[in-house]
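Asker: Each chain, letter by letter, is given below.
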Amino acid sequence: MDQNKKLLRIENLVLYFNTTQGPVQAVDGVNFELDANRAVVILGESGCGKSSLAKAILRLLPRNAGAYSGHIYLEGKDIMSLSEEEFRQNIRWAAISMVPQAAMNALNPVIRVGDQVAEPAMIHLGVDKAEAFSLVQKMFQHVGVPADFISRYPFELSGGMRQRVAIAMALVTSPKLIILDEPTSALDVLTQANIFNVLKRIKKELGTSFILITHDIATSSELADDVAVMYAGQIVERADADRFFHEPLHPYSRMLMASVPRLRADQEPEFISGQPPSLISPPTGCRFAERCPLRFAKCDEAPPVFEVDGRKVRCWKYA
Amino acid sequence: MLTQEQVSLNSSSIEREVLLSVRNLRVWFELRRFGFGIVGHVRAVDGVSFDLHRGEAIAVVGESGCGKSSLMRTILGLHRPTEGQVLFEGKDIHALGRDGMRWYRSQVGYVQQDPYGALPPFMNVERILEEPLLIAGVRDRRERQDRIRRVLEEVKLFPVEDYLGKFPHMLSGGQQQRVVIARAMILNPKLIVADEPVSMLDASVRVEILKLLRSLQERHNLAFLYITHDLSTVKYFSERIFVMYAGRLIEKAPIRSLLEHPLHPYTHALLAATSDPDAENARRFKEVPPGEPPSLVKPPNGCRFHPRCNRMIQGLCEVQEPPEFEPYPAHLTSCWLYKE
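Protein chains in written order, with numbering that gives the first Met the number 0: chain P, 0 to 318; chain A, 0 to 339.
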């Protein structure tokens, strides 16, 4: 397959944070690819580096960022080599936008939601206010916010409506890719189902691609075409959703899947004992070995990525 | 179908002694304009009745704003009911005096949703757990230390010495929640009220904490009121489930019965919206009732769900409030569809 046809290709992406105890290896050599009009879910527990991965892709680095390297190709073009200004003008929000964690509480309380959603359009598309507002209206329609909400303030909207406004804000510049960081974790089930309906419709109607970052395995299946499981700063399994949700490969993915309480099946959920390793001094071998029921001698060495009929897994079992 | 074992479980729960009885409870909050002059009421809890038996676990499921937290806080004695009663072992808890309330608080443990927010950051684990004992008047230092040790072992934080001196920020989310549970357990309560005890935790830890709560419940024959919005966890935990909508319990059922034949259209919607991990999910849209839960200041006439309901009966649902019907044994619902 022509590598340049991929919408997004990430190679050996590294993002460390400097702390007084040493660098935190939040993203440590991440590789993955995403085709146009597809959605990949990054699954992982808190502290596995999944939100840092989102920040690394959008180059939203905090002040204590240390090592930051690797390649991010957007439609074949390496965006890591762009200058800060080029990145801001052409990539951030123009090509890749984001719905941050708890986005519904991230809206400015003293600015009308219509103005907030119009702002990225005016800055990145260079359109005037009237045109931006017509775009806002179009986006509100896509996400299911009533048109007259455009002049309301965030506090006049329910949580679900504010979340839709945040999604509209990410959509307004018609980016190719939207990164969603836990888009529904603070919402009720019915609102959650609603938001996923909205995302599915956007994907179908506008052809947008998504990176969905979440720890909620059950709801992640609502959008996923592909799944990447992240553990201790690394992606340990990468597979298509059909096979992943049916039978994951990596022992961690399997245990994670077994820990999901199910409404429609009578299977007793299991938990994973122990805790993820420190990202300041991760183990030299397999990072999951300490909690893994299947570990054997080989696991003291760091496993490379093995390919199992098209799926990728970082585990010696598949050597 | 119910298995024989479940039937006997259900019937035994009916025969068990009532521990907590909530009778026609209403909790209304006054809405004032400029600090004076009442302009209306927020009817957070509006006519709720149920009995909780000794050793029974009940889950209350509902969306945010349905009044489940107000119900819980009233049971804990933090709000005064506008109308109705909360009876614990036959005593009206809002008529207890100062000493009576102290006794009641030792009988009821509370597990908060956000463990980090629930633990004082300036106290170590030992002090956090000693506090309830001091308030309950356990004078003997030896005894206090013994009980702290025992309760930490019960919530599986061992070796105990490693944890006694730790402050909340030094613990992981799961460990913090264990400390919260230990604090709720330390006075040997008969009832535990748990408000979304696992919603802030990671998937892998969530199950661990639920299993811990269940083992404590079984070992000490504790009654449990488990408040949640996550339907997928309730069946591992409770015997009965109550569905709450706009201040009222619209369906009360043994858990199996509810999962096998949900009755109220709102319950149907909640079940349909809950996902299991399945790649098929991405290929279909979910059916979600239109609109949002009603304002509790001026709830709709008749059935409170009727404006969003796709099975509404014209001329009935929007006029008259549905009473409770019992289409299946011990499975009650307030919906006109089940009128005999």
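Don't read these hints as lab results, they were simulated from the structure. Note that the Cβ used here is the ideal one computed from N, Cα and C, for glycine as well. Possibly wrong hints are sitting among the right ones.
What the hints assert, rightly or not - Across the chosen pairs, the derived CB separations fall in these ranges:
| # | chain 1 | residue 1 | chain 2 | residue 2 | range |
| --- | --- | --- | --- | --- | --- |
| 1 | P | Ala146 | A | Arg53 | 50 to 60 Å |
| 2 | P | Glu267 | A | Arg53 | 24 to 34 Å |
| 3 | P | Asn104 | A | Glu29 | 55 to 65 Å |
| 4 | A | Val17 | P | Asp265 | 29 to 39 Å |
| 5 | P | Lys297 | A | Asp139 | 52 to 62 Å |
Asker: Work down the list of hints and note, for each, if the structure agrees.
Answerer: Status of the hints after comparison with the structure:
1. P:Ala146 x A:Arg53: 50 to 60 Å: For Arg53 (chain A) against Ala146 (chain P), whose Cβ atoms are near 55 Å apart, the range 50 to 60 Å holds.
2. P:Glu267 x A:Arg53: 24 to 34 Å: 26 Å, holds
3. P:Asn104 x A:Glu29: 55 to 65 Å: 27 Å, violated
4. A:Val17 x P:Asp265: 29 to 39 Å: For Asp265 (chain P) against Val17 (chain A), whose Cβ atoms are near 30 Å apart, the range 29 to 39 Å holds.
5. P:Lys297 x A:Asp139: 52 to 62 Å: 55 Å, holds
Hint 3 from the list above is the single one not met by this structure.
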